Structure formats: C-alpha cells, structure tokens
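Asks: Same order as they appear, the protein sequences are chains A and B. One point on numbering: in the working numbering, the residue at position 582 of the first sequence is 582, and numbering is uninterrupted. One point on numbering: in the working numbering, the residue at position 268 of the second sequence is 889, and numbering is uninterrupted.
Watch out, some of these pointers could steer you wrong.
To be clear about the criterion: a stretch of chain B counts as covered by chain A if any three or more of its residues have a C-beta under 8 angstroms from a C-beta of chain A, and this derived list gives those stretches [said to hold, decoys possible]:
1. 915 to 928
2. 1009 to 1018
3. 1055 to 1061
Don't read these hints as lab results, they were simulated from the structure. As the structure is a computational prediction, the values presented were derived from the model and not from experiment. Ideal Cβ positions, reconstructed from N, Cα and C, are used throughout, including at glycine.
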Amino acid sequence: MLENAWLIPLFPLLSFLLLIFLGNQWREKSSFVGIGFTGISFVLSVIVLFVQMTNGSGGAEAAWLTIGSIEFRVGVVVNPLNALMLVIVSLVSFLVHIYSKSYMHDDARITTFYSYLGLFTFAMLALVISPNLLQLYIFWELVGVGSFLLIGFYFYKEEAKAAAKKAFIMTRIGDIGLLIGMILLFWQVGSLEFNEIFTAVRDGEVAEGLLTLIAILIFIGAVGKSGQFPLHTWLPDAMEGPTPVSALIHAATMVAAGVYLVATLFPVFESSPAAMTVVAVTGGFTAIFAATIGLVQKDIKRVLAYSTVSQLGYMMMALGAAGYVAGVFHLMTHAFFKALLFLAAGSVIHAVHTQNIEKMGGLWKKMRITGPVFLIGTLAISGVPLFSGFFSKDEILLATWYDGRYGLFTLGLIAAFFTAFYMFRLFFMVFTGDSRSTVTEVQESPRSMTYPMITLAVLAIFSGYINTPWFGTFLGDWLIGDSEFLPFEHHEGPVWIMLAASLIAFAGIGLAYLIYYKKSLQRDFLTSHMPNTYTLVFNKYFIDEFYQYTIEYGARAVSYLGSFIEKYIVEVIVAAVTGVVKSVGSLGSRLQSGQVQTYGAVAFVGLAILVFLVVWTGGYL
Amino acid sequence: MDWLTILIFSPLIGILLLSLLQAEQKVTISLTGILATVLPLLLSLVVYAQFHGGGDLAISHQWISFGNGLFQINYELGIDGFSLLLLLLATIVSALSASVAAAQIKQGLKAFFLWFLILEIGMLGVFTAENLILFFIFFEITLVPMFFLIGRWGFVEREKAAYSFLIYNGLGSAVLLILFAAIFAKTGTTNIEELKTIMGSGDAVSEEFRFGSLLALLIAFGVKLPIVPLHTWMVRVHVHAPIAVVMIHAGILLKIGAYGLINFGIGIFGDQFAKVAPFMAVLGLVNLLYGAFLAFVQNELKSVFAYSSVSHMGIVLLGVAAMNEAGIQGAIFQTLSHGLIAALLFLLVGVIYERTHTTKLRSLGGLAKGMPLAAGFFLAAGMASLGLPGMSGFVSEFMAFLGLFESMPWLAAIGTLGIIMTAVYILRAVLGVTYGKTVKSFAGMYDLTRREMIPAAALLALIVLIGIYPNFITHTLQFALESIMLGIGG
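Chain A extracted, bound-state conformation (with noise of 0.2 angstroms):
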C-alpha cells in the first residue's frame, strides 16, 4: 500500500500539465482541475496517513543514475513525520486551491495561477516522502520554482521581478550549503538514503568534526529556504506574490521544509553538539530578530511575513534544543494558524484594496467572518492557553529548558510577549477602532473564501490537543514511536513554564489592548522617545542595504575587473596574435614574387634538406 504513495504527488502533477498544455482557453473552470487533484491528494494522504499508523512505515525505490558502481535512487517512504507532513501539506494546498477560486477569479492569467500551484504542490509532496537525500534535494529546487514563479506571478510589476529573483538567488546561496554538505556526507557514508546514513553516523563512521561540519551545511540550505538569518531578507520581499501563495508556500509548507529538513535528518544533526548549538541559536536568535521587525511593520503581509520568519525560528530553536518532537508539533499548527492567518489578510486586502494597516480599521463589524477567524488565528500565534499554539509553544520552551539553554530560553519568552504584542496591534488595528478605508463598501468575502478559513480556525484551536500534558502525548510518541535512530524523550518540566508563557503572552496583548484599542498609553512612544532604534527597526536593521554594498557591489565590482582583463589583457594577447599570424602571411605572400630563379633555389635548398635529413635519420622519416 504505500509503495503506493507516489500516486500522491502524481496527481497535483497532472494538474499542473493538463492546465499548462490544455488550459489556455478554460479560465475559471482551471480551478475545479486544481481542486479536485489536489483534493484527491488529500484523500490519498490521509488514507496514507491511517496506514502508516496501523501497518508502520513502508516505501518502494528504483535506480535513477547510475555512475559505475554508484546508484542514485529515487523512491518514495512513509514514515511518521512524512505522513504528517503528507496531511498539512495537501490539507492547506487544497484549502488554499479553494480559496483562490474567488480571490482570482479577475485575474486574467488564472489557469497559469493554478497551474503554478499544482507545480508547488506536486514538488512539495514529493519532497515530502522522499526516501533519500538526492531525491529531497532535487524537489528541494523544484519547490524553489514553485515559489519563484508564484511570486513573480504579476511578472510585469517591477517588485514582483525583483522579489522573485531575490528570492530564488538568496535560496539557492543557501542551497550551494546543502549541496556540498551532500556531497560531503556521499563521500562518508557512500549512499544518500537516509537510513544508511543514520545508520553510518550511529555507528561512529563518520569522524565528528567532518559530521559538524557536513551538518552546518546542510543546516545553510535550511537558513535560506526557512528564511532564518541571515538569509531571511527574501521572504518578506516574496509577499508580492497572490496572498493564496503567501499562505501556501511562504507560511504553511515550503518555508517549513528548512525546518523538515533538519528534523528528518535529526540523528545527524544530534550526533553533533556544535552543530545542534549553532541550530538552536540561529534559531532563537531570529526568533526575537525578526518578531522584533515585526512590531512596526505597516504593511499587513509584511507583519505576517516577520511573524512566520520568528516562528519558524521557534521551531529550529526547538530542534536545536533536541526538542524533535516540539519543533514538529510547532510546524504543524504553525502551518495551520498562520495559512488562516494569512488567508484572514487576504480577505481583508480583497475588501479594501489595500495592504497598509494605517489604511484600515473598524472591519470586525463588517466582516463577520474574516474578523473572528482573524482573531482565533491571532490567539492561536499569541499562545494564550487552549488554542493550538499555545501547546506547541509551551513544548518548545519546555525542550529548550531542559536543555538547559537558559539564555535561549529567556529569548523565546521575550519573543512571545512580541509575537503577542504585534499580533495583537495588527488585529486591533485592522479591525477595530474608526474605519480609515477609502472604500466604503466593505463587503465580505464569498464562501469559496470563508469555508477554507473557518476550516483552519477549527485547526488552529483543536490540533493542539493531540499533544499535552493534560490528555496525552499521542503526536509525540508516534512521530518517535519505535524508530531505532529517534531517542524517545519526553519532558516533564516546571509548571511554572507554562504559566509564565500565559502570562507573558496576556502582557503582550494587553499592552497592544492599552496602546491600540483603549488608545490610553500613546502609539508614538517608540518614534518620539528613540527614533534612532526606530529607524533602525523600522528598515529592517537595514541589511539589505547591507547586502547590496557588500555583496552585489562586490559581484558587480569583480565582474567588471573581468571586463577590464578582458579588454586590456585578453583581447591584446588576441591582437598580437593575430598580427603574427598576419606578417607570416604577407611574408608568404612577398615570397610569390613570380620570380622562376627564387622558386628554383627554395626548391633546391628544400630538396638537400631532405636528402640530408633522410641520410641522418637512416631513412626513417
């Protein structure tokens, strides 16, 4: 049966050629193919799903490229993670094929729409249950193109252009890590499955600091592609992508897939100390980097963007902390409060034309749908206890305490009161208090919009109950279950962890109820008392001014010194060359000066050489 699992990403596949060969001319209708696809893959996923937790894991391979006695394959496994992974992803792509439905509909280019979704899709499944690390490596890009070409998809707006193109050079800096740590660990271990290298790495085969090292690097690939510092400064630039993308890809699933990567590979990357350190901490570090940025955006998507960089930091902080199966359950309901989240802004921006929060406000009573799903996302993120988030979150500062990374510990609380507090301010700004629209016709959005919504708000409360301390750890002791490379671990730590968590992220919201809703404490605080820290958090700590003179400028700069060998060195050694090459011709050219006696005495002088030289040698020429 689950050697069968490739039927998964087969049919967002189909969907994909069948829109991008036969589409043209079917517009609106393109997105029933999508739907009903990606709608089979999530039948199949969660049928996958029951199997792997009542049969086990399973999988099937075949050869791929052969190099001599090397074999590269390509399979397909179902393990737990995987299986899991299988569900949120074709759970949220299917949501999200739904809801653009009506988000698109006006858009003239909706079956290219559609037919890059189905391409996403297609390579984030596959990437999924890929048994080996070539295999995850080669979707690992193609979901690369996925987002590349999504947030490129109004290709004719300057932004959207750079956007993509930042986002895919970033990545792929990120990607050049992983390939060589690959490549590294090939030539370790002699095969990329990833049972041969667990079982390598357990065995001691590979010497530790080369393991550190080969770790790191492929810890770089996820850096870029999860957007953690210092390669974040893509993924809020990717927000000029469709919304319905922004929730998909730069949310849920593929921003996840740096954070997948590390937890499939958990036993290397547990093998190491150093590099476990150096996970947790990029990790944290760009928890509280980020959430801070997050605080003075005005741009509704750009919050939210901040927001999924310093969650998906929680998550590697949490891995780093050998909180595997925290920073699992956090991806899980991250990506299932943050879709909604996103989804909510789209209906929002879909109302009002506009992304700038300053542009809002006063829509609770207007969009009675979008408004409380916006606010249960908005509790779920802030960890105000019985929703979802508030489980994962508490794990992760659990793991990181009984790590004994106090100091990391400390960053995740500070980030929550942020992550509360900006949350917070962006909801009451957006929905409460005076309009500040300029449309005046604020409508709901239709049902093709709110069902997929409504449907993550009841995720967003509700899956966090598969793992507490209150009913039970039943995520936690499958996704270890009986595996021979996971350490069971289970934490039971201060109670008090839990309770600071709540209280810290109540601060948060107060405070943004103090300074946004009740307007008693002032808004201009931070730009009146400190501008200076204000512009600095306000343009992003201004590394991609940073980036700019460093690193393209220096690109820049090379290249041109290239140009400059080229012209002054290069093309002259061509030039004298060729001026060789033209005085020996001319030189031939004066010697046919048709002078009968000339020839005469070349033809002699060549002739005795001959002879001289056939006598010398012996007749051997």
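Please arrange chain B on chain A, whose structure you already have, making use of the hints.
Replies: The following block gives chain B in isolation, referenced to the frame of chain A:
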C-alpha cells in the same frame, strides 16, 4: 551494411539535390534543406539501434600506404557510447537548426544549405573517425563551411568574426596536424585504439613526448572548447554569426573540444592527464567563474549566453579533471546537456530578435506580455541552464561536482560559487527580457509560431527527459566510461 559511412555521407544526397535546384525556388530549397538533415537524423537512430542491438559498426579499409607499407593510413570508423550520443546530438541539432535557418535566412538560401550540409558531413565524421588523420580531415571540413556561414550570413561584424574564427581554429588545427604527424612518425600508426595501447605501455615513446603531445592536444582542443583565455573568437562568433549557425556552433562544434579532451586527452594519455589534472581543474575553475562574472555584466543577450557557454564548459573541465567516474560522466553529460540547452537558448534569442530587431538588454523588457509562450520557453531554457533539477543541466553539474569533491574538495567548494553566479546572471538576463515593465513596445509582436514551436519543444523535451531519467543515457555510456576508466587505471 556500413552504416557509419552511409550516415556520414548521407548529407551528400541533399547537396546533390540542392545543386539541381534554381536559387529562386525558395520553398523547395527550404524543404530539401530540412529533409536533407532529417535523413542523417533517421540514420543516426538506425545506428543507435544497431549499437544497442550489439551489432559491430566498426569498419576498416586500407586507404593510403607509403614507405613500403611501413606507414599505413586506413579508412577506419567506429563509435563508442560517447561518440554515439554526440552523433545523435549533431543530427538532432542540425535538423532543428536547419528548420530555423529556413525561416530566418532571407537570401542565398541555396548556398547556405550547401555549406550547412558540408558542415554536417564534417561534424559526423569527426565523431566517428577512428584514426587521427581521418579525424583531422573531418575536423578541417568543419572549418571552411563555418567560415563562409559566419562571414556571409552573419550580423554586423560578421567578417571580423569569421576571420577570428578561422585564425584561432586554423592555429588549433595546425597544432593538431603537427602533433598527429609527430605521433605518426614515432609510432607508425594513427589508429586510436592502437595508440591507446602504445601510449599506455610506456616503452615505445618517451615520457617527454607524451607530455608534449598532451600539451599540444590541450592547446588544440582548448581553443575549441574554449579554455580562457583562448575564448574571444568564440564570443565573437556567438554574437555575430546567424542564429542557426550559432545553434550548431554552441550546440555541436564546441563539443568537439570536449570530445577531443576526453577521447584523446584522457583516452590516449591517461597517465599524463592524471598528473596535469590539478592544473586542468584550475583552468576549469577559471572558465567557470570568469565566464559567469563576465556574463553578469554583459549588455547584450547573445554575449550573455556566449560567456555562459564559456562558464559551462568550465564544468566540463572540472569534471574531466576530477579523474573519476562521477566527474568524467558529469563532463560527458555536461557536453550533451549544454549542446541542447545552448541550442534552445539561441533559438529563442533568434525568436526575440525576429520580433524586436534588437538583443540589447536595455531595450528589452516585459516581453512575457506580448509573447507569453516564447517567454515561458525562455524561462525554462534559463532554468535548464542554471542547473535546475528535473533538467539535464542539474544532472551533469551534480556529477561533475560529486566527482570533483572526491578528488579536490577545496577547489570544488570554490567552484560552487559559480553555481550561484549562474543563477544570478541567467535570472538577470531572462527576467530582464521577459518580466518587468514593457520598455518599448514593438509593432507586429507575435508569439511562437508552430514552426518555431516544434524545434523549441523538441529540445526542451530532450532536456527534461535527461533531467528526469538520466539512466536513459548512462546505459549507452556504460562501456565507453569503463574503457576510459581502464585507461587511467581506475
């Protein structure tokens, strides 16, 4: 049946028919020209089938003999997996570029096709010749038609480009001729198989002679590949030759360099090659990075892809220099893959030029609006060129780097910078032309016609086919690779 001879000289039928036609009968000439390239294509498929059916294709006839039988030059043809794939590449790209030429060449079509078909004979001969003299003759046959094709039908600076083509390649082939004569004088044979044994055994000729020969080979084929700094002629040809000829040039002729390096360089002088491998790797790295950085600042589409070719040929050098199975297979894959990708890219550049009459990056932008299909193909070709998985370029780059990381990890690590730069310059060029605001609107803009679509789709299909199932070719390459590895003691 002597299929190889039939294949090589099959374009003669087209030449014969064309010479019977009047220059005014344009439609008939186009049709004949295209069909004349389809014939070798079909024959090469027959050869492919024969090869895999286990048929013996090699032939040898006594040809020239002198010095009382001491020196003999035979007419010897034969193929292995590598040359078979190059033959297929040559016949496929020739047929496709003939169809492009039929649409784009406005005058002197008959003469164009005559030269074109002679060129094809030369190319087919180069990849099948089993002895050095024969190889040299076919090699020379490719030069003359190219000179006229560039010089007469090219763009503005066509004559300069044609001369610089002739001078460089002429020098290269002069070196080759001296080398072959020296080898012949020393060993009394020019048969490649025999030379492999003689040069491998170590007694017949001195080590210095072998190193000298290898050096001469590197120069001769280095011009062809091209290796920086011997590349300027090739950039000029890319920019100023007619599009159909550039497709042939980038797609096939440059591959003679790689073929020569692998088949003669490693094949005959394996031990010596192993010793200069680090040096080759450095050259490869220079090619890769120099080409990539220069491509990044070009202001003209064709020069971007010309430097891109320089950069991609660096991967061939790197793979070869790795001196292991993965690296060499990577180099071979890169040779084939780049042939297809370069042909596709230039085909599309031709399409763009046809509509806009410019290839200046500054004047182009937002073309995806007026020609979505062409833009889509262009983007796909760009993705193939930057090594996107699922397309042929990835497989070859992966193998080349896999191999190089085993033998020279530091160099390989620096080389990966080239992979990033490739993405940078390809996206700059491709997105610059197709995405963004429309810089200028061009009257009479139309999307790909069916006639342009067929060759573009065929090339893209092959690129994707190799990308998603590379074992499709490794099967053919297997024995060729094994014998190469045997030669370097692997």
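Asks: State for each hint whether it applies.
Replies: A quick look at each hint next to the structure:
For the stretch 915 to 928 of chain B, the proposed coverage by chain A is satisfied: 3 residues have a C-beta within less than 8 angstroms of a C-beta in that chain, meeting the threshold of three. Here's how the stretch 1009 to 1018 of chain B fares: 5 of its residues keep a CB closer than 8 angstroms to some CB of chain A, so the rule of at least three is met and the hint holds. With 5 residues having a beta carbon nearer than 8 angstroms to a beta carbon of chain A, the stretch 1055 to 1061 of chain B meets the requirement of three or more and the stated coverage holds.
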